[in-house]
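S.K.: If you read the sequences in order, they're chains A and B. Residue numbering for the first sequence follows this note's numbering, starting at 8 and increasing by one per position. Residue numbering for the second sequence follows this note's numbering, starting at -3 and increasing by one per position.
Watch out, some of these pointers could steer you wrong.
Said to hold, decoys possible - Here are the computed distance ranges between Cβ atoms for each label pair:
1) A/E152 - B/E30: 26 to 34 Å
2) B/L29 - A/A328: 16 to 24 Å
3) A/E10 - B/P46: 21 to 29 Å
4) A/R329 - B/R(-1): 48 to 56 Å
Said to hold, decoys possible - Computed cross-link-like contacts, SDA-like style, restricted to lysine to any residue with a CA-CA straight-line distance of at most 25 Å:
5) A/K338 - A/K9
6) B/K24 - A/L420
7) A/K338 - B/K24
8) A/K9 - A/E497
These aren't lab readings, by the way, just hints derived from the structure by calculation. Computed from a predicted model, the values in this text were never measured in an experiment. Ideal Cβ placement from N, Cα and C applies to all residues, glycine included.
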Amino acid sequence: MKELLTQTAWDLLPSIESGDVDHIELQELQFEFAKWIDGKLNAFITWDEKVEPQEWDLPLAHEGPRCLHRVPYAVKDIFATRGLQSTAGSRILQGYVPPYDATCVRLLRHEKNHLMGKTNLDEFAMGSSGEMSAFGPARNPWSLEHVPGGSSSGSAVAVAACQCFVALGTDTGGSVRQPASFCGVVGYRPSYGLISRYGLIAYASSCDQAGIFARSAIDVALTMNTIAKPDPLDSTCRAEPLDYVAEAGREMHWNKLRVGVIKQFLDPQAIEAPVLANFRASLDTLAAAGAEIVELDFPLADYCLPAYYIIVGAECSSNLARYDGIRFGVKGEEPDLLARYLEVRSRGFGAEVKRRILLGTYVLSAGYYEAYYDRARRVRGDIRASLDDMFRRVDVLATPTSPTLPFKFGERLEDPVQMYMSDLCTVFVNLAGTAGINIPNGFGERDGVRLPTGLQLVCAPHRDAVLLRVACQFEQLTGWRYTPPQWVAEALAM
Amino acid sequence: MERRAFDHLCELARLTLGRDELEEFERKFERLLEFVEQVQGYSPQSSGPPLTLVEKVELRRDAPLSFDWPEDTVHEYRVPTVIDFEGGG
């Protein structure tokens, strides 16, 4: 039965629905394997040990679009989970147990999906390698010496190493798509507002968005049918009823598809050779199917990262002001209120979080606000206008997801800017509030190891159905199916 | 950035840095400032996304309302808690 753990949720669902596969047995098997293999991977911070109520065994009378049902899943430890520790990867929240579920977790539970646990991440989702976690880094299953990407490192690893079928992450600047690329799985960030952010521990509210990791694009569509629902608890939620599975399966007329390629993201100085080679091969596949490839100029590409780090710094310095050692997580010992605030924050936050809070405080301070924050906000307006213009000419954009292959632990820790460059091709999506997806598109060699690369497809805001259709059918075009790393497959066969 | 300005920034951010981490912080922070400084090289055309709500929100008249409370209503809480809303508790 262990071989089931390598399947996609889409392939598995009929067996669960017909009763050929006992979902409780599957859950137990998944849990046992996930825990065992995690000794090498550190993908999870907290396991959900509780037993599901017996009524979960009753057959479901399910109507409406197909959705994820009775499937083992995991969530990034930045979503609130009732009765289960939620740390955001930070010491400051260690021991914090929320009294409520995030909306998307509640919706997954409603469909009787089995939560395996809470996955590892860069502290408060600030990082691109997984190394900023207060609980030690997760490890890339394709090479344990290389980073899995970040910030949703554990969710990407868990899906890639067959510890669950789908996982939730968050994507503020590429934190779903980049680790998906590094771990060779599908990673999707929906348009801003399509999934409720209620119960998501805030980092930069204007860019934060829940996202999905899966082993195929159709599994992403299944998960969207489950969690992309209107939510009165999130005033920015703009989800409308839509059957993403049906949309993804609609016939594709490749000869009517216009794919935009941003020439600034083809610079060999910025994009590593194996990544660029696989990207060009993906474009050739699309062109051979009949798609029109259109080269586009995006002069603002150089300003995306600086503007992004100003905006998210400003927002995080405000959002993280609530961690005062009184309401959440660790408590201080100082009797004086201000002294306790300083004690808890200085002890509880890690270096990268402190750096971004300081940067945000700086760019918002009197005298610098206009030069930094206001200017970055206006650059963001221009980026949105520029993308609107591009989407009048093309249906989707294609870029490499990450400019590099996964790098070794410690390689980029000395220079924060070098680390930030990992998000070169992803942050414009977040600044524009639109959607992007990573599709695995091959492997490249680095440090003598074979490591995955990814193709990023981007659509106009709220044209996510088109994006998922192109992604699903691109997979069919290339014949790609997820296969786990050799050692994971061998562990499953034991 | 001068040490005094950096200390003031830490104070504003409600953070204290140990002597051992201060030097590394200052060095990396300078690097970050240099990096974000690049936005100065571009003259934006747009006024940027609005910082205030642009949609006109119709608020109800500010007047007390009366409700018919069912017999078994618990009156201690007039507004349901988040947990009540989710059907848990």
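S.K.: Decide, hint by hint, whether the structure agrees.
M.R.: Against the structure, the hints come out as follows:
A C-beta distance of roughly 31 Å is found between A/E152 and B/E30, which places it inside the suggested range of 26 to 34 Å. For B/L29 and A/A328, the hinted distance range of 16 to 24 Å is satisfied, since their beta carbons lie about 21 Å from each other. Roughly 53 Å separates the CB atoms of A/E10 and B/P46, a value that falls outside the hinted 21 to 29 Å. Separation of A/R329 from B/R(-1) is about 29 Å and departs from the stated range, judged on CB atoms against 48 to 56 Å.
Taking the CA atoms of A/K338 and A/K9, the gap is about 43 Å. The hint is violated against a cut of 25 Å. This hinted pair checks out: B/K24 and A/L420 have alpha carbons roughly 10 Å apart, not beyond 25 Å. For the given pair, A/K338 sits about 29 Å from B/K24 by alpha-carbon distance, which is inconsistent with the 25 Å threshold. With a C-alpha separation of about 11 Å, the suggested pairing of A/K9 with A/E497 holds against the 25 Å cut-off.
Comparing the model with each numbered hint stated earlier shows that hints 3, 4, 5 and 7 do not hold.
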